[in-house]
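A.B. asks: Sequence:
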Amino acid sequence: MNALLQPLEARFEAMTPAWLPAVLRVEQSAYPHPWSELNFADSLQAGYQAQLLTAGLPPQAELLGYFVAMKGVDEVHLLNIAVAPAHQRQGWARVMLDALALWARGQDAQWLWLEVRVSNLRAKAVYQSHGFQQVGTRRHYYPATASMPGGEDAIVMSLAL
Numbered sequence: 012m013n014a015l016l017q018p019l020e021a022r023f024e025a026m027t028p029a030w031l032p033a034v035l036r037v038e039q040s041a042y043p044h045p046w047s048e049l050n051f052a053d054s055l056q057a058g059y060q061a062q063l064l065t066a067g068l069p070p071q072a073e074l075l076g077y078f079v080a081m082k083g084v085d086e087v088h089l090l091n092i093a094v095a096p097a098h099q100r101q102g103w104a105r106v107m108l109d110a111l112a113l114w115a116r117g118q119d120a121q122w123l124w125l126e127v128r129v130s131n132l133r134a135k136a137v138y139q140s141h142g143f144q145q146v147g148t149r150r151h152y153y154p155a156t157a158s159m160p161g162g163e164d165a166i167v168m169s170l171a172l
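Quick note: the sequence shown, position 157, residue 168 per this note's numbering, numbers continuous.
Just so you know, the hints here were simulated from the structure itself, not pulled from any lab data.
Among the hints, a few may not be true.
[What the hints assert, rightly or not] Beta-carbon label-pair distances, calculated as ranges:
1) Q71 x V146: 37 to 45 Å
2) A25 x Q99: 21 to 29 Å
3) L132 x R36: 23 to 31 Å
4) R22 x G147: 32 to 40 Å
5) M159 x G67: 35 to 43 Å
6) G67 x Q139: 29 to 37 Å
Built from N, CA and C at the ideal position, the CB exists for glycine as well.
Build out the structure end to end from the sequences listed, making use of the hints.
C.D. replies: Right under this line is the structure:
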């Protein structure tokens, strides 16, 4: 069987500082304004839910994607989610959203919240297909760029759990 057609066996594991170089490589390849190492380190220090989706066994495990979420009183806020470019369009974002929703329900959360760039149509479509509803807009939420000197708006989306 062709190696490219073989299904990957994936598993979740907690994000640790040892994984940050691989996480940063994915982050920088996936986003025009990536989180910094300090953003991830602060999230880990704060005890946020930070999970990796990996394939293979350590020490050869490959990073497929990750998410970082913050628990509130009766809600969870998805702060960051990314799939490595080589593994996009294979359903891994949905796998991570399912895992996040399951964890959030286990935390007695009633809602899952996120922001997504107005221009990120692909991510917005993934979230909508997962049941998220657009509930608002945050003006100039994302940093200014040469093409958007005022910053980019974010669409606020929620999922009732």
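A.B. asks: It remains to establish, for every hint, whether it holds in the given structure.
C.D. replies: Hint check results:
no.	hint	verdict
1	Q71 x V146: 37 to 45 Å	42 Å, holds
2	A25 x Q99: 21 to 29 Å	23 Å, holds
3	L132 x R36: 23 to 31 Å	25 Å, holds
4	R22 x G147: 32 to 40 Å	35 Å, holds
5	M159 x G67: 35 to 43 Å	39 Å, holds
6	G67 x Q139: 29 to 37 Å	32 Å, holds
Hint compliance for this structure: every hint is met.
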